[in-house]
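Enquirer: Sequence:
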Amino acid sequence: MSHSVTSFVCTIESLGFSGEGICRHEGQVVFVPHALPGETVEIQIIKQRKQFAFAMVLQLIHPSKERVQPICSHFYRCGGCAAQHMTYETQLLFKQLGIQENLRRIANTALQAKPVIGMDIPLNYRNKTTWKVALIKDTAFAGFFAPGSHELVPVDTCYIASESSNQTKNAVVRWLNHCLKTGILQNTLPIDQFTTRTNQSGELVLILQLTSSELPLADELIHQLQQSVQKLLCVCTVNDCKRVQVLYGQPLLKESVLGVSFQLSPFSFFQVNYKVCEQMYAYAIKQAVTDHNDVLIDLYSGIGTIGLIAAGSCKKVIGIERNEGAVLDARQNAAMNQISNAVFHAGEAEAILPRLVAGGLHADAVILDPPRKGAHRKVLEAIVQTQPQRIVYISCHPASQARDAAVLAEMGYPAVASQPFDMFCQTAEVENVMTFVKKSVD
Numbered sequence: 044m045s046h047s048v049t050s051f052v053c054t055i056e057s058l059g060f061s062g063e064g065i066c067r068h069e070g071q072v073v074f075v076p077h078a079l080p081g082e083t084v085e086i087q088i089i090k091q092r093k094q095f096a097f098a099m100v101l102q103l104i105h106p107s108k109e110r111v112q113p114i115c116s117h118f119y120r121c122g123g124c125a126a127q128h129m130t131y132e133t134q135l136l137f138k139q140l141g142i143q144e145n146l147r148r149i150a151n152t153a154l155q156a157k158p159v160i161g162m163d164i165p166l167n168y169r170n171k172t173t174w175k176v177a178l179i180k181d182t183a184f185a186g187f188f189a190p191g192s193h194e195l196v197p198v199d200t201c202y203i204a205s206e207s208s209n210q211t212k213n214a215v216v217r218w219l220n221h222c223l224k225t226g227i228l229q230n231t232l233p234i235d236q237f238t239t240r241t242n243q244s245g246e247l248v249l250i251l252q253l254t255s256s257e258l259p260l261a262d263e264l265i266h267q268l269q270q271s272v273q274k275l276l277c278v279c280t281v282n283d284c285k286r287v288q289v290l291y292g293q294p295l296l297k298e299s300v301l302g303v304s305f306q307l308s309p310f311s312f313f314q315v316n317y318k319v320c321e322q323m324y325a326y327a328i329k330q331a332v333t334d335h336n337d338v339l340i341d342l343y344s345g346i347g348t349i350g351l352i353a354a355g356s357c358k359k360v361i362g363i364e365r366n367e368g369a370v371l372d373a374r375q376n377a378a379m380n381q382i383s384n385a386v387f388h389a390g391e392a393e394a395i396l397p398r399l400v401a402g403g404l405h406a407d408a409v410i411l412d413p414p415r416k417g418a419h420r421k422v423l424e425a426i427v428q429t430q431p432q433r434i435v436y437i438s439c440h441p442a443s444q445a446r447d448a449a450v451l452a453e454m455g456y457p458a459v460a461s462q463p464f465d466m467f468c469q470t471a472e473v474e475n476v477m478t479f480v481k482k483s484v485d
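First residue of the sequence shown: 44, per this note's numbering; consecutive thereafter.
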């Protein structure tokens with residue numbers, strides 16, 4: 044591609060996996076954020092690579108009928124969302140087609156991804172939001188990083204965060220600027236980010252990430268929060284060693300999912316969208332458990348969410364999780380719900396499963412919800428050793444899931460269903476639930 048070209052006109056052909064438009068110029072692929080398929084745009088190259096380039100839109104010549112005005116005035120600068128410029132129906136289709144492409148290209152299967160299950164109102168859904176904090180010209184601001192950078196974009200209102208999270212953000216920023224104005228803080232901030240966690244009852248826990256040993260005027264901050272947040276449950280700080288210090292209230296957030304109660308500590312993993320989470324877990328359990336006598340293995344079980352919900356539908360649940368703190372939480376959640384047919388093991392799945400198999404374990408079904416990188420081949424081999432009839436794989440990264448789907452197919456477990464859920468509305472991210480069934484021997 045010629046480097047002398049300052050700008051050119053092109054037609055966007057498709058969308059990339061991150062929601063950016065894709066066109067071709069002089070034989071090279073060009074990624075264009077915020078451009079939609081079918082649009083004619085004038086663009087300028089801003090980053091050149093050997094095989095591809097990135098460009099910015101200078102002028103929208105012929106817009107797509109699927110383009111809408113983003114609800115957030117910060118959308119084109121903030122890295123929090125990637126899809127507010129397209130209709131919600133287009134967002135769902137984009138995610139479905141992305142999964143379909145992964146199934147075809149990586150999993151090497153003709154299986155069709157089902158339409159994405161979305162939300163009626165895809166806004167203010169996040170129950171956990173982490174706000175970044177920075178000084179800009181001697182004033183404290185909170186917001187999110189610009190895409191691909193650590194440049195803070197101050198945000199007035201985040202439309203995917205909960206209302207109480209936005210209220211908390213405003214109170215924290217007022218407190219920081221009060222400390223700066225009175226001279227208690229001198230050109231530095233005691234925190235670099237803070238996280239809000241809420242439940243469906245509206246209770247909120249605030250976790251402040253310290254950059255110093257002390258938090259000035261903590262009582263003033265708590266007062267500001269009490270004035271702004273209706274159901275403030277807890278304010279706590281955490282340092283680099285993840286040591287939690289409670290300044291106000293108690294840090295355990297209670298939540299109910301599909302009739303089962305859970306206690307969430309500040310670092311507990313939990314899906315960020317309660318409504319979609321319930322739909323997804325109900326679907327996954329229905330795919331996995333087909334009989335009350337089933338034995339279910341719950342891998343990457345965390346605080347026991349899926350396993351404890353499924354316990355009422357099957358004979359026994361065996362949870363395996365490497366994080367010992369999460370396993371303790373899972374056991375406490377089981378006791379709190381008086382669930383006696385679920386046990387939880389701390390350790391690596393590839394080490395624990397073979398021992399259980401040697402002890403006579405046979406599973407009817409396995410549900411796994413691994414991190415973004417997917418499951419190691421040794422984990423998949425260990426799953427197959429339990430000889431389940433069904434494997435249900437939940438993933439927030441369809442590409443790594445598709446890679447693992449190809450491995451499971453080699454091991455005799457072809458994929459039979461792919462059902463996406465819009466856990467992360469207004470972004471390019473999506474959750475996908477794949478079902479695998481043991482191949483019958485003729």
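Treat the hints with care, as some may be off.
[What the hints assert, rightly or not] Result set (DSS-like, lysine-lysine): computed pairs, CA atoms no more than 27 Å apart in a straight line:
1. Lys-175 with Lys-297
2. Lys-416 with Lys-329
3. Lys-318 with Lys-157
4. Lys-318 with Lys-175
5. Lys-297 with Lys-285
6. Lys-157 with Lys-358
7. Lys-359 with Lys-285
8. Lys-157 with Lys-359
9. Lys-358 with Lys-416
10. Lys-285 with Lys-329
11. Lys-157 with Lys-108
12. Lys-90 with Lys-157
13. Lys-329 with Lys-359
14. Lys-157 with Lys-416
15. Lys-329 with Lys-318
16. Lys-481 with Lys-329
17. Lys-285 with Lys-157
18. Lys-358 with Lys-180
19. Lys-329 with Lys-358
20. Lys-482 with Lys-359
21. Lys-416 with Lys-318
22. Lys-108 with Lys-93
23. Lys-329 with Lys-93
24. Lys-358 with Lys-175
25. Lys-285 with Lys-180
26. Lys-175 with Lys-481
27. Lys-180 with Lys-108
28. Lys-318 with Lys-274
29. Lys-108 with Lys-175
30. Lys-157 with Lys-180
31. Lys-175 with Lys-157
32. Lys-359 with Lys-175
33. Lys-175 with Lys-329
34. Lys-285 with Lys-175
35. Lys-274 with Lys-180
36. Lys-224 with Lys-297
37. Lys-90 with Lys-224
[Claimed, not checked] Computed spacing ranges between beta-carbons, pair by pair:
38. Pro-259 with Gln-432: 55 to 63 Å
39. Asn-167 with Pro-259: 26 to 34 Å
40. Lys-90 with Ala-325: 23 to 31 Å
Please keep in mind that the hints were generated in silico from the structure rather than gathered at the bench.
A virtual CB, placed ideally from N, CA and C, is assigned to each residue, including glycine.
Enquirer: For each hint, tell me whether it holds in the structure or not.
Expert: These are the hints, each one checked on the structure:
Simply put, Lys-175 and Lys-297 have alpha-carbon atoms about 26 Å apart, close enough for the 27 Å limit, and the pair holds. As the CA atoms of Lys-416 and Lys-329 are separated by approximately 25 Å, the hinted pair is consistent with the 27 Å bound. Between the alpha carbons of Lys-318 and Lys-157 the distance comes to roughly 19 Å, so the proposed pair stays at or under 27 Å and holds. Under the criterion of a C-alpha separation no larger than 27 Å, the hint pairing Lys-318 with Lys-175 is consistent with the structure, at around 26 Å.
Taking the CA atoms of Lys-297 and Lys-285, the gap is near 21 Å; set against the 27 Å cutoff, the hint holds. Taken as a hint, the Lys-157 and Lys-358 pair is broken in the structure, with Cα atoms around 30 Å apart against an allowance of 27 Å. Under the criterion of a C-alpha separation no larger than 27 Å, the hint pairing Lys-359 with Lys-285 is inconsistent with the structure, at around 34 Å. Pair hint Lys-157 plus Lys-359 does not hold up; C-alpha atoms about 30 Å apart against a cutoff of 27 Å.
Our distance criterion of 27 Å between C-alpha atoms is broken by Lys-358 and Lys-416, whose separation comes to about 31 Å. For the hint linking Lys-285 to Lys-329, the alpha-carbon distance of about 37 Å lies beyond 27 Å, and the restraint is violated. The straight-line distance between the Cα atoms of Lys-157 and Lys-108 is roughly 24 Å, inside the 27 Å bound, and the hint therefore holds. As the CA atoms of Lys-90 and Lys-157 are separated by approximately 36 Å, the hinted pair breaks the 27 Å bound.
A threshold of 27 Å between alpha carbons decides the hint, and for Lys-329 with Lys-359 the separation of about 15 Å falls inside it, so the pair holds. A C-alpha spacing of about 23 Å is found between Lys-157 and Lys-416, which places the hinted pair at or below 27 Å, so the restraint holds. A C-alpha spacing of about 17 Å is found between Lys-329 and Lys-318, which places the hinted pair at or below 27 Å, so the restraint holds. Restraint check for Lys-481 and Lys-329: satisfied, since their Cα atoms lie roughly 17 Å apart, inside the 27 Å limit.
A C-alpha spacing of about 41 Å is found between Lys-285 and Lys-157, which places the hinted pair above 27 Å, so the restraint is violated. With a CA separation close to 62 Å, the supplied pair Lys-358 and Lys-180 exceeds the 27 Å bound. A hinted pair counts as satisfied when its Cα atoms are at most 27 Å apart, and Lys-329 with Lys-358 qualifies at roughly 14 Å. At roughly 24 Å between alpha-carbon atoms, Lys-482 and Lys-359 fall within 27 Å of each other, so this suggested pair holds.
Using a Cα cut-off of 27 Å, the hinted pair Lys-416 and Lys-318 holds, with the two alpha carbons roughly 25 Å apart. For the hint pairing Lys-108 with Lys-93, the CA-to-CA distance comes to about 33 Å; that exceeds 27 Å, so the pair is violated. Distance hint between Lys-329 and Lys-93 is unfulfilled; the C-alpha atoms sit about 47 Å from each other, more than 27 Å. A threshold of 27 Å between alpha carbons decides the hint, and for Lys-358 with Lys-175 the separation of about 45 Å lies outside it, so the pair is violated.
With a C-alpha separation of about 30 Å, the suggested pair Lys-285 and Lys-180 falls outside the 27 Å cut-off, and the hint is violated. For the given pair, Lys-175 sits about 46 Å from Lys-481 by alpha-carbon distance, which is inconsistent with the 27 Å threshold. With a CA separation close to 41 Å, the supplied pair Lys-180 and Lys-108 exceeds the 27 Å bound. At roughly 20 Å between alpha-carbon atoms, Lys-318 and Lys-274 fall within 27 Å of each other, so this suggested pair holds.
Among the hinted pairs, Lys-108 with Lys-175 is inconsistent with the structure: their alpha-carbon atoms are about 35 Å apart, more than 27 Å. Simply put, Lys-157 and Lys-180 have alpha-carbon atoms about 49 Å apart, too far for the 27 Å limit, and the pair is violated. For a cut-off of 27 Å, the pair hint linking Lys-175 to Lys-157 is broken: about 36 Å separates their Cα positions. Distance hint between Lys-359 and Lys-175 is unfulfilled; the C-alpha atoms sit about 43 Å from each other, more than 27 Å.
For a cut-off of 27 Å, the pair hint linking Lys-175 to Lys-329 is broken: about 39 Å separates their Cα positions. Our distance criterion of 27 Å between C-alpha atoms is met by Lys-285 and Lys-175, whose separation comes to about 17 Å. For the suggested pair Lys-274 and Lys-180, the alpha carbons sit about 33 Å apart, so the restraint of at most 27 Å is broken. A hinted pair counts as satisfied when its Cα atoms are at most 27 Å apart, and Lys-224 with Lys-297 does not qualify at roughly 37 Å.
Proximity of Lys-90 to Lys-224 is assessed by CA-CA distance (about 40 Å); at most 27 Å being required, the pair is judged violated. At roughly 59 Å, the beta-carbon separation of Pro-259 and Gln-432 lies within the given 55 to 63 Å, and the hint holds. Checked against the given bound of 26 to 34 Å, the beta carbons of Asn-167 and Pro-259, roughly 32 Å apart, stay inside it. Look at Lys-90 against Ala-325: about 43 Å separates their beta carbons, and that is not inside 23 to 31 Å.
In summary, the structure is inconsistent with hints 6, 7, 8, 9, 10, 12, 17, 18, 22, 23, 24, 25, 26, 27, 29, 30, 31, 32, 33, 35, 36, 37 and 40 from the numbered list given earlier, while agreeing with the others.
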